Amino acid sequence: MGITDLKKGAVFQMDGHPYKVLEYGQKVMGRGGSIVNVRIKSLIDGKVLQKTFKGNEAIEPADISYKNVQYLYNDAQTY
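With numbering that gives the first Met the number 0 applied, the sequence shown closes on residue 78, and no number is skipped along the way.
Treat the hints as calculated values from the structure; they're not laboratory data. Everything numeric in this text was worked out from a predicted model, so none of it was measured. Any given hint could turn out to be false.
Restraint-style ranges between C-beta atoms, simulated for each label pair [claimed, not checked]: (1) Met28 <-> Gln49: 33 to 39 angstroms; (2) Gly24 <-> Met0: 50 to 56 angstroms; (3) Asn73 <-> Ile34: 17 to 23 angstroms; (4) Tyr72 <-> Asp4: 16 to 22 angstroms; (5) Val27 <-> Ala61: 23 to 29 angstroms; (6) Lys26 <-> Asp74: 22 to 28 angstroms; (7) Gln49 <-> Asp74: 40 to 46 angstroms; (8) Met28 <-> Asp74: 55 to 61 angstroms.
Here are the simulated EDC-like pairs of lysine to aspartate or glutamate, each with C-alpha atoms no more than 20 angstroms apart in a straight line [said to hold, decoys possible]: (9) Lys40 <-> Asp14; (10) Lys26 <-> Asp4; (11) Lys19 <-> Glu56; (12) Lys40 <-> Asp62; (13) Lys40 <-> Asp74; (14) Lys53 <-> Glu22; (15) Lys19 <-> Asp62; (16) Lys7 <-> Asp62; (17) Lys26 <-> Asp62.
The C-beta atom is built at its ideal place from N, Cα and C for all residues, glycine as well.
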């Protein structure tokens, strides 16, 4: 998967951690290729980072799954 395949809301893996794309911007530099600026959020600890990638870099898609859950009740100090 190429870095230019990303879009807002996409999830990918970098350095062994999953990240979600919050903002995506691409600049084409003519013969120099393109530069991709992304604002990403770590799905592990919630940190938000600003990263710049070259347009020809490859990224690894994250293996994630979504589940609908329902909060039922609060039992003393546990949930």
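Each hint tested on the structure:
no.: 1; hint: Met28 <-> Gln49: 33 to 39 angstroms; in the structure: 19 angstroms, violated
no.: 2; hint: Gly24 <-> Met0: 50 to 56 angstroms; in the structure: 18 angstroms, violated
no.: 3; hint: Asn73 <-> Ile34: 17 to 23 angstroms; in the structure: 48 angstroms, violated
no.: 4; hint: Tyr72 <-> Asp4: 16 to 22 angstroms; in the structure: 43 angstroms, violated
no.: 5; hint: Val27 <-> Ala61: 23 to 29 angstroms; in the structure: 27 angstroms, holds
no.: 6; hint: Lys26 <-> Asp74: 22 to 28 angstroms; in the structure: 53 angstroms, violated
no.: 7; hint: Gln49 <-> Asp74: 40 to 46 angstroms; in the structure: 41 angstroms, holds
no.: 8; hint: Met28 <-> Asp74: 55 to 61 angstroms; in the structure: 58 angstroms, holds
no.: 9; hint: Lys40 <-> Asp14; in the structure: 13 angstroms, holds
no.: 10; hint: Lys26 <-> Asp4; in the structure: 14 angstroms, holds
no.: 11; hint: Lys19 <-> Glu56; in the structure: 17 angstroms, holds
no.: 12; hint: Lys40 <-> Asp62; in the structure: 16 angstroms, holds
no.: 13; hint: Lys40 <-> Asp74; in the structure: 32 angstroms, violated
no.: 14; hint: Lys53 <-> Glu22; in the structure: 16 angstroms, holds
no.: 15; hint: Lys19 <-> Asp62; in the structure: 12 angstroms, holds
no.: 16; hint: Lys7 <-> Asp62; in the structure: 17 angstroms, holds
no.: 17; hint: Lys26 <-> Asp62; in the structure: 28 angstroms, violated
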